[in-house]
Structures are given as C-alpha cells and as structure tokens.
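Assemble the complex: chain U is given as a structure, and chain L must be docked to it using the hints.
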Amino acid sequence: MKIEYLPFTKEMIPEAGQLLAKRHICNRQVLPLLPVRYEEAEDASNAVENLWQSQLRNGYAAFRNGEMLAYLIGDFENQSWARSGYVYLPGYALAGGESVAVLQDLYALLGEDWVRRGIFSHNLYISAADNDVIQGLFTIGFGQERVDALLDLRTLEIPRLDEPEGMIIRRAGRGDEDYLGSVAYVMTNALSSAPYWLPLTPESTSAWKERWASRADDEEWMVWMALEKDKAVGTVAFLFQHPTPLEQDAEAQMLASAITLTLGTAATRPEVRGRGIANILTWRGLEQARKDEFDVCLVNWIGPNLLASRYWPRFGFQPAAYRLSKQINPMIAWAKG
Amino acid sequence: MKINCLPFTNEMVSDAGRLLAKRHKRNREQLPWLPARFEDPEVAAKAVEVLWKEKSKSGYAAFRDGQMVAYLIGETTTDPWGRAGYVYLPGYAAAESESPRMIQDLYTLLGDDWVKRGYFDHYLYLSAADADVIAALFDLGFGKERVDALMDFRSLTIPDVEEPAGVTIRRAVSGDNAHLGSLSNVIFRALGKAPYWHPTVPEDWDDLHDGWSELADDKEWTVWLALENEEALGTIGFRPELEEDTQMLASPQTIYLSVAATKPQARGRGINTVLTWRGLEQVRQEGYEICYTNWISPNLLASRFWPRFGFKDVAYRLAKKVNPMIAWAKDE
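Protein sequences, first through last, are from chains U and L.
Under the working numbering, the letters of the first sequence match residues 5 to 341, in that order.
Under the working numbering, the letters of the second sequence match residues 18 to 349, in that order.
Chain U on its own, in the form it takes in the complex:
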C-alpha cells in the first residue's frame, strides 16, 4: 500500500505521541537510564505538542491506510555561525517494522523547506538506541556532531584520588568569577580547532567568558576548580537544575529526569594537561552529586572534539543520543538547473 506524506498538523499530535511513546519504550530497553515518563502516550504527546508550539516549527508525517507510520518535526534558530534547523529528540518516531527509508523521505521534505528558507545547517538529535535511523541518516550525508551520554551514579565506583602536587582542588564560590572566566577560552579554542572547526565570533567568545564567570555565584551550579599558584588551571561545572522547566528543554527533556544532574562544562589549560586535573575535579563533583542524591549524570561532548570524545567514556558514560548534522552548500539557492 502506498505511503502518503502530509504536512504535520496539530490534529496529528496524539497519534505522534503514541508513536513517540512506543519509540521510547524500545529505546529504554537498550538505555534503561532514560526517564520512564515518556513511555506514557500522554507525556509523549505533551513533548510533541511543546515542539509544535514553536513559532518556527515545521514537520511532516507519513501515513499508510490512514494510519501514521512516522513523523518528523523540526525547528530553526539563527545561530551566530549559520541559520540552523533542528529536530529535537521528541521530534521523530517511526513505527516498529517500518523502513528507515520513510524517515529519509520525511527529511527530504522537511529539509527542502529549510533549504528554501536559507537554512543550510541541518541538525537532528537521535536516540543512540535507534541504530537503523542513525545508519539511514548517515547514508544521506549526516555525520555525528554531538554525543549525549548518561552515567549511573548509584553503581559508580568512585576512586580515591590525591590532589596533584602543588594543586588546590575546591568548590568555586562568590569571588571566584575571574578564575572561572579565565579558563573559558580553553573550550572555545578546542571547538574552533581541528577537526571540528566551529566558528566562534569575537562577540560570542566574550559572552562565553561572562557565562562561565557568572556560575561562581549561581546556586544552580556546582563548580569545581583547580588552582596552582593562584591561577585557575582547570574547572568542571555541574548543573543541578535545568535553566528552564525540563519539559521546555528541547535538548535534554527526553534524557533527564528530576534525579539527573548535568555535567555542563569542563576545561583544563593545555599546559597542565596530563596531570590528572580534570580527573580529580570530575570525580569530586560526581561524588558530591551522589551525596546530594542525584542518581544519574548527563553530559554531552562534541564528537570531533577529540580530547573530549576520548576522555568522557573513561568515566563510564554511555551514549544515549547523538546530534547528527549535515551542511548544505548555499550555492544550491541559485545553481540547481
């Protein structure tokens, strides 16, 4: 029977929610640390509805015999590096037994809308459990850009580590703003270096520094730092609460629950790497998080940031989702025959 592709409408939300709940049940069989609540069709529908309320959303759904087989909902944002389209984790589902070709077809429609509006950077968040979908998107040109990973703090064995010689390891607090701001450049340098080459405009790097500094006196953050000769040489920052209600956090909402804290940022100055500084900062933070009764830690890193992607899995973080990306040549706006 022929598959029919239709623009997504508000009336399709309950059916999409049912598909999403089924997807999440399958995802949780592979990734049991995922929050359970999206197995309920109502919660899943709410997540789809939240996406659909965005002013800049668009989407399509596939039907056979009047029954929804799959849907894909996107959103877009003007980033400082490109007009970017996003599909967040609640933004897709495919019925069990259906070919990933259906999602490729939906992306062809959604992506075409984006391209016509000058949105040439396409980014899709996909559950790490959906191997077929990941493969289907790789086949049409998507590469991995970001890894979101989870760590079970309840079963974690935290080693006893001594502070590196001459180093002070402590929690940051009011008055440590300059220390924290002084290491923000480490992250921006890493992201703009090979083999990621993320462009960061001068104004955005200043904002980055201010953001890191402000965490010193922010109750939502637990920041650890390493000091040597009164100079900050490394930091690891954990976010206790999400900046918006979790239900509105499109990136994290299907990965985190109330018992999840987020390892937000980590950086060690290049000249002191190899001395175990980030290691001790991370373990101290994880230990404190467990004492504070968090069960799960969420982190994300950029796959092409090799320092990060070879570092975080050592702690036992398991990939739970990926951001896949595809960049379109803007020349297509005029050179298409």
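Where hints are given, some of them may not hold.
To be verified - Below 30 Å or equal to it, Euclidean Cα-Cα: the simulated DSS-like pairs (lysine-lysine) are:
id, chain 1, residue 1, chain 2, residue 2
1, L, 210, U, 233
2, U, 6, L, 329
3, L, 63, L, 329
4, U, 6, L, 70
5, U, 6, L, 210
6, U, 235, L, 347
7, U, 213, L, 236
Honestly, the hints are just simulated from the structure, not real lab data.
Positioned in the frame of chain U, the structure of chain L alone reads:
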C-alpha cells in the same frame, strides 16, 4: 609507545605501499571482487607514488618505534561548487593492530592544512570493508555521499524483461546526439534536489549537454536508449574501466556503468530496468566479468535502485563540509 605523526615525504612511499597492500588484502577477504593486484606491495607503492606526485598533494604518516603504522595522503582541487580536499582509495592505510583513531589524528593534521588554505569541502574515499575507519570518520562528522559498487557477472542471473508498451529499446548510434543531449539535465537536476542539494553552476549545463550528445559518436562507449514517439525517455551507458595505477576497484575485464537516466515523466514504467538488463547482458556477452558503478547515496532514486540488480558496495566517499567562517571566527 608514543605515536609520532610526521609530514609525508617521498622516502615514505615504500612503507606506505606495504601498509596499503596489507589493507587491500584484508579488504579482499570481505570483498573478493576487488582486483588482486594491489596485494602486491610494489603495485600498491606505485599507487601511493602516483598520488604523491600530484602537485597539490599533502599528507601525514604515523610512526611507532620508527615504524610506519598509518598514513593519509590527500590532494586539493577547486571544484565549481567549492575548494575541496580529496583522499582517494590508495590514500590511506593503517596497520591491522592499530586503532582507527590513528586515521582520525592524521585527518586532524591533513584537514587543518586544507582549512588553512581555504579548502572547506573534505572528501575521503574508503573501502566498504573498513567499517571501523568509516565509523571513526562518522564520529568526526563525516557523512556518506557516494557509493562505489561492483557486480560479478559470473554469478549473475539476467531475467527476461519485456520492453514497456510503446517504448523502443535500442543501442544508440551516430545521429542520436540530440536524443542523448536531451537527457543531460536529468542527473544534475536530481542531484540538486532534496536530500542532496548539490549545486551545478549554469555555465556547466551546456558542457554537460555537449558531453552527453557526444556519447553517440564515442567508440569507447556502448549506450542504450529508450524512445517513445521519437522522444528519448531514458539511457544507460557502458565503457571499459581500465586498470590504472590508482584504480583500486578495476580488475581485468571490468566495465563501467554510467549515464543512467530516465526523464521524470517516464519513471515507474520499468524503462531503466530494461535498459540496465539489456546493457548488462550485452557486456557480459562481450566477455566482461565485473561491472563497476557508483551513485550518490543521498540521491534516493539511485540509492534505492541499483542494489536491486545485485551491486555490492565496495567503497564510499565520505564528506564533511567545514564552515568557511572558521577562516576569521576563532578565539586565538
């Protein structure tokens, strides 16, 4: 033991050839249709040498205890759609015991050279047998763009297929230039559509038209046409694929299948299926043993069509597009 990554030099060609020969031997265990000759370190070294003679080449090699354990050689070109760096099939190898991270590290160096020189489109051809290298590059942001595939005629069953009603299937001859030229826009228009969106600049359209028209007179090509009411609806073409120094997919008696196109209004009638089977039958009768083709994987029509005939993936072109803003927007 620490790994030392060095710029590639002439003196490294032999070692690289040995690594490439070993890689090819492993690749052939999974893909026996690949030509045997590159298992010979001298033949493999010749392929590396040819790459290294290119004016715009650059490369790096990784050493452990003074022994080469991996290398990556690329070359740059200015395509109509962008300045691009390419690593071709003989342009990489890693020792069997080494992690694919080695290729990631070498690409970091090679890619950074490219980026510093304004080459922002990065393309790497990889053997389909090197799944761990493919996965390692996917982790760096590479997506699949092209599939290279082979078909072994010796085990192929060619079905009897009828010509679609009202359609004439025949070999193209001198004088069919206009028919073939009329089909020249089918492929580049397909490539310009979702989800590939590949630009073809207007000044190339006439060249493409001329090139397709000339196939009618080209003795090297065997071209088939589907005609209805004197209008060309579809075509497919074949030419011998030569065993060149760097062509790691061509065995003796390999034929290349290309210029396969059906006008959009004629699709769904089985026209290209008949053209393909007729063409394959003919070249098999002429003594060819292997058919080579390639398609763009985000060209969904193509990537869902060719595997049906029994083509097996043997290599991929992976692509990563770097944002040119990086030339000025970095925190230094």
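Looking back at the hints listed earlier, which ones does the structure fail to meet?
1, 4 and 7
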